[in-house]
Amino acid sequence: MKRRLSIFIVAGSLALASLPAGSARRPRYGGTLRVEIGETIHSLDPAVPATDPAATSAKNQIDALLYASRNADGTFSGLAGSGAFRVTRWEAGKHATLSANNDYPGGRPFLDSIEIQMGRAAKDRLLDLELNRTDLAEIPPEEARRAAERGVRVSTSKPDELIALVFIGGRPVAESALVREALSDAIDRSSIVDFILQREGEPAGGLLPQWSSGTAFLFSIIPALSGAKEQWAGIGGSPKIVLGYDAADGLAQAVAERIAVNARETGISLTLSPISNSASSTGKADARLVRIGLPSPRPREALLGIIREAGPMAGVDAAPLPDPASLEQIYERERTVVGDHRIVPLAWIPHVYGLSSRVRDWRPPLAGETWTLADVWLDTTIEMR
Amino acid sequence: MILASLAILLASLLAAPRACLAQTSLQPAPDTTPWGDAVSVFANKIASAIGTPRAISLDVVNISTLGSTDTGSIERQLQAALGRAGFQLAAEPPAEVRVHVTLSEGADGYLWIAEIHSQAGDQVSMMSAHASTRAASRAEPIPVLRETFLLRQASPILDFALAPASGEEGSRFLFILQPDQVSVLRQHEGVWTTIGAAPIAQSRRWPRDLRGEIVVAGAVSGATGLKVYLPGAFCTGSMQSELVIDCRQSTDTAWPPGGRMKATMAADRNYFSVSGEGVQSGWPPSYSMASNPDDDHPLKILTAVNGSAQLFADSPQNPMASFWRWGDELASITGCDDSWNVLVTGTGDWTQRDYLQDYEIADRQATMAGQLLEFSGPIVALWPADDAKSIRAVSRNSQTGMYEASLIHLYCGR
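Keeping their order, the protein sequence lines are chains H and D. All residue numbers for the first sequence refer to this note's numbering, where the first residue is 1 and numbers rise by one. All residue numbers for the second sequence refer to this note's numbering, where the first residue is 1001 and numbers rise by one.
You may find that some hints are simply not true.
Have a look at the derived ranges for each label pair, beta carbon to beta carbon [unchecked claim]:
#, chain 1, residue 1, chain 2, residue 2, range
1, D, 1202, H, 283, 31 to 37 angstroms
2, D, 1217, H, 149, 58 to 64 angstroms
3, H, 149, D, 1367, 38 to 44 angstroms
Just so you know, the hints here were simulated from the structure itself, not pulled from any lab data. Glycine included, C-beta positions come from ideal geometry on N, C-alpha and C.
Produce the entire structure from the sequences given, and follow the hints as far as they go.
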């Protein structure tokens, strides 16, 4: 087995910028938190789904603040006003004002209100963070290092989103085990993390991140170029792999282009195909780049969740694991799926947030959790522009 | 009640894995550390995987948050345990079997993994690992803050109180104040077991940062009286054959931390208001307060909502001194030379680890005394004992999310 200890030096290399000076520790009441998001949400009705996966995720964050009941699939529902906040102003697709719910069973939130600005592009969010025009905004992971260098207070979650290449079950090229293994061996995962993600993430050899399973280091991330060349050379019929990626996802495009370079270096014939439809669409692709959020920090639930998400596309059976499952059972299942190369893990990326200096008790959500804004408070002794 | 029992069970398991791990064929190494028992079990797993004792090479790599002292100790004990099991440890490969051990860590805690390479093939053996006791404290200067850990549980602890059991020397009861109940536990052979609980009748919603204080007077089974202070509520109770609590709404009941001042908790917030008959107005709303024991020259320190920590005599208009970079919680304790000392929490917010720092207050100055006492998460409650010789601290472990109750003493080397 090839060792991959070096990745853990990379992980978490961008620490949370230290809190500004102050004496506060106990939560203070009051103030308005200014939040900017990139997505546009057109309805807060939990029964009305958002238009795309990113908007669905953003809507779920807001629903979590408004509704007390969480469904098994992670969405929220219940009576309007049952959550920690209530909507007091709403402009579809543009702006929302949420006010603290004094009757919230968990206790009134510390904030008086939250102002949410929608549809803000990443560069505008970054600029507003630099100019202290907003208190909380998500930053693309690949921009995190630059943001920190420009003085933005950065908060990084544990890597909880998997970028993976999924071979589409049933496609002739994808059904060749040699093709799958050759491409998997050809990919330089470390360079994806180092150059595209600017070291904000971890190369992924397994389906679970090291912080969750503790066994990720047992999966190799080192490219096996000579082996890949030999495997490819041994395949008859000159196969061509079409790799699809979400056309609206700049990070996915960059990763796909990197994979194409690796493939070319190994002699693998691979072309790229941007896909403009939904995440589940595959177009004419034999394989597709996907981003899968870790549904739970617990290794058993996380592994099953990932297989459930990518399995149908890949044709991988999402057989259950015992509950509780032993360490060995979880590891063996993960090893079996990875060894089949239908789901090819590439990198783990964190969620990165920019914070203003007055934000306190912000915790980047754990895998499967939502923003805990009911616990956030503002240090009003910090001057804002 | 069920939650409390589960918490106790979990606390017992965490505190005493020694008993669970003792049923192994390999004996713990003589050099026992918190990891001795876990090492024995792990050595057994490795031995079982290899089979017949033979020459092996062993290397250990740590990629977890364990420190180098623990890592070195684990490696030495593992070598010794495998040696006792009949394996010959070769300094360098080629040995018949190569064992590569990684001390790893996942969401469920420490994870030790052995990759065993031999001509028969490669195997992976792994186990969860727990320390059997808290790490031993290092050599400490005098005076020093010492923590006596009592209990940890998943549900929030607002405060706790210890009371002796009447007629049973050395036996104690522990009362735990939670948002919805007071529970009472009895210590038996070092393990706290829940023996009763009484619900707190709640007529209004608690604030999000709920604070509470419990005072127990007298020995249990004798005339034991309980007082429970909550925002907008005051409860009295007793513990004889069973625990009984009676609560009523009250916004003007003075809480104990006020000392000579009348301090009442704002009903829907997390800070005290200082007021009352004969008390000058204008005191800032505060999170905590401490008074000196000198009746002739009374002094007090308030940590105000505006972030200041100030020393006052009798007027709120003229603070005698301001102290910087103090946290919101403080409590009085008697210093080594009977001086007035206060223990103060750290700054920042509750996403960070916390600490207690001892300060001696004299001549309008606060002088650091001794070293910090560190906690693995924020201190969410800090209350002084009646005798001023200890402090009750409740912290929340950032790694586990568990609430931990501890008594803090100032050790003066005598």
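Outcome of the hint check:
Between residue 1202(D) and residue 283(H) the Cβ separation comes to about 58 angstroms, which falls outside the hinted range of 31 to 37 angstroms. At roughly 59 angstroms, the beta carbons of residue 1217(D) and residue 149(H) sit within the given window of 58 to 64 angstroms. For residue 149(H) and residue 1367(D), the hinted distance range of 38 to 44 angstroms is satisfied, since their beta carbons lie about 40 angstroms from each other.
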